[in-house]
Amino acid sequence: MRRIGIIPSGLLYRMMTSPVVLEARGLRKEFGALRAVNDVTLEIRAQTFHSIIGPNGAGKTTLFNLLSGTLEPTSGQVLFNGQDITHAPVHRRAHLGLGRSYQITNIFPNLTVLENVRLAVQALGSDNFKFWSANAKFARYTERARQVLEQVGLSDRSLRLARTLPQGDQRKMELGMILAPAPEILLLDEPTSGMATEQIPELIGLIQTIQRESRKTVVLVEHNMDVVMSVSDTITVMHQGSVLAEGAPAAIAANVQVQDAYLGHSLWHDALQQAQHEQSARGS
Amino acid sequence: MPRANRSAGILRRHGGALGLMIVLALLPFLFGLLEGASPLAVWNNQAGASKFYEGLLIEVFILAVYAISYDLVLGITGLLSFGHAMFFALGAYLTGILLKSFGLPLWATLLAVVGAGVLNALLFSVVLPRVKGITFALVTLGFAAVFNIVIQSHELSDWAGGDVGLQNVPIPTWLSPSDERLRFYFIALVFLFAVYWFYQRFVDSPTGRVCVAIRENEERARVLGYPTFYFKIVALTVASVTAGLAGALHTLYQPIVSPTIAGLGFTVAALLMILIGGIGTLTGALLGAAVYRLVDFFLLRFTGSSSSFLIGLIYIAIVLFVPYGIVGTWRLRNVEWRTVWQERLAQWFGIKESPQDLAPPTTEQPPD
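Protein chains in written order, with our numbering: chain S, 1 to 284; chain H, 285 to 652.
Because the hints were derived from the structure by calculation, they are not lab data.
If you're wondering where the values come from, they're calculated on a predicted model, not measured in any experiment.
Using N, Cα and C, we set each Cβ at its ideal position, and we do this for glycine too.
Take every hint as true, because none was put in to throw you off.
Within a straight-line C-alpha distance of at most 20 Å, the following computed EDC-like cross-link-like pairs (lysine to aspartate or glutamate) qualify:
#, chain 1, residue 1, chain 2, residue 2
1, S, K137, H, D488
2, H, K384, H, E439
3, S, K130, H, D488
Sample of chain H residues with no beta-carbon within 10 Å of chain S, all distances over it, derived:
#, residue
4, H298
5, A392
6, I471
7, G588
8, S590
9, F605
To be clear about the criterion: a stretch of chain S counts as covered by chain H if any three or more of its residues have a C-beta under 8 Å from a C-beta of chain H, and this derived list gives those stretches:
#, region
10, 93 to 100
11, 103 to 113
12, 126 to 134
Construct all of the structure, not just a fragment, from the sequences and the given hints.
Below, the structure is given as structure tokens:
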């Protein structure tokens with residue numbers, strides 16, 4: 001792993017002084033012979049916007065699943081505020097203050113938008129086993145849910161069924177579901193995947209606004225490098241299961257290794273797409 | 285909240301159920317009038333036809349409690365269990381054995397049924413963290429099959445009656461289904477509506493909402509922070525205890541407890557009932573049980589041996605034309621109808637849609 005030296009001093013100050021919220025120590029995950037994540041050590045500092053990028057198959061999502069608890073690592077540790085949560089079950093992590101999203105839209109499709117978010121609020125309350133009280137009694141959950149829907153701009157669609165929303169709005173609703181219980185750290189796995197290109201800046205802008213205003217820590221896994229360049233404080237580049245580089249966006253953009261691994265891949269990818277496109281054009 | 289307001293709210297919410305309960309309570313007297321018997325004769329259990337229909341409806345009520353308990357497991361929580369008949373049969377057999385072989389008083393028997401129901405649910409929960417979906421269905425099917433074999437076994441035939449079934453269970457005279465049938469009818473009716481009321485409350489509570497969330501997307505519910513395992517135990521326990529109590533009522537009512545109630549066929553019966561009525565709707569389970577039992581009865585009466593063929597046709601027609609069951613399809617139509625009209629109003633008068641009316645309450649959505 002090589003770190004990059006060129007970091008703006010103010011940011012360097014913030015990066016060095018704010019405490020580490022989430023930490024991965026020598027994290028490794030093997031699927032049979034495949035080593036998807038190879039001894040990754042990572043420090044996520046409080047109130048920063050930390051992006052993890054890398055080409056397809058770099059191990060981003062696996063790392064993400066290790067951090068969020070969906071997968072258990074083969075070896076290594078995950079620490080949250082200094083506490084070892086490597087083997088903590090998923091629901092415990094939510095109570096500790098970790099909120100996560102999925103690459104694929106993962107919601108309660110047949111419930112209303114409001115109910116989706118309300119369930120997210122209720123989860124961390126202490127009323128889950130009160131089976132003898134009407135739900136309407138717990139107005140504070142609904143209020144909080146409405147407040148969050150306002151924040152993500154869905155309050156006029158709160159009583160629609162979640163599955164009837166367009167993809168972009170479902171993504172926003174998911175963001176609301178993560179925000180609702182006010183977690184300390186937001187883990188977002190490609191929140192823009194499946195969205196129309198013109199909607200992406202809006203969602204990313206929304207995430208950034210929320211991060212700044214409510215002083216959250218955001219870990220964003222993203223395939224598309226352009227998306228995260230302008231909003232991130234720190235970028236970690238993954239390549240073939242390992243951390244290739246880490247630093248401020250400007251430094252990452254200037255890094256030759258990253259360009260080779262990433263942009264080279266992307267150029268190749270573009271060329272492949274172009275070829276496929278031409279082929280299909282000729283075919284028709 | 286002022287008292288008057290509150291009771292008005294209760295009336296609005298439960299008005300339909302209360303009205304139905306009153307109608308059902310008056311029904312025996314109506315049957316009596318139709319056969320020319322005075323209400324007093326009905327009251328004294330002297331009107332033959334009325335007594336007969338009371339008996340039929342008692343069976344419907346017991347089946348309805350059984351069906352609604354299965355709806356909580358499958359329709360609300362989304363657990364595909366094929367061993368639900370065991371919940372019912374355990375209650376039924378335990379009641380019979382405790383009353384007959386051990387001579388326990390009725391209240392102690394019912395208490396034991398509740399306890400056994402809890403244990404039975406815990407037995408089913410043992411495998412919950414390990415298996416889900418169709419595997420859970422098979423494991424629960426296995427539990428029920430073992431239970432079915434055990435109660436028919438030769439070793440237990442002194443208590444459980446082998447494959448003939450449990451007979452000559454001593455019923456307290458005040459509850460005798462032959463001499464005090466109207467009283468039994470009222471008790472079954474009140475029991476049914478108490479269970480229905482409890483279930484409605486349960487589904488509308490925070491716990492019930494989590495159960496619905498588990499049905500919709502268990503993985504998501506867990507990531508939100510719900511230890512879904514415990515919620516599934518709660519749902520199973522509630523269902524098991526109510527089904528067990530329905531089984532107890534079954535034993536008290538029927539002259540013979542046949543081992544068929546422990547078989548897979550009886551679980552499928554519950555499945556049919558909630559499919560007819562509308563899965564995940566609770567009300568549908570009651571309606572489904574009534575349709576199931578009454579169609580069976582009247583077809584057998586009027587068409588004789590071809591009845592099971594006709595019943596099959598009716599089920600096919602239901603699946604084709606009311607795919608979400610009677611209640612489920614009705615609610616869906618309602619929503620669609622409202623949406624269509626809102627769009628029309630918007631077209632004609634430029635009224636913007638009010639989102640308040642677009643979606644029905646959460647628990648009333650049929651699953652996709």
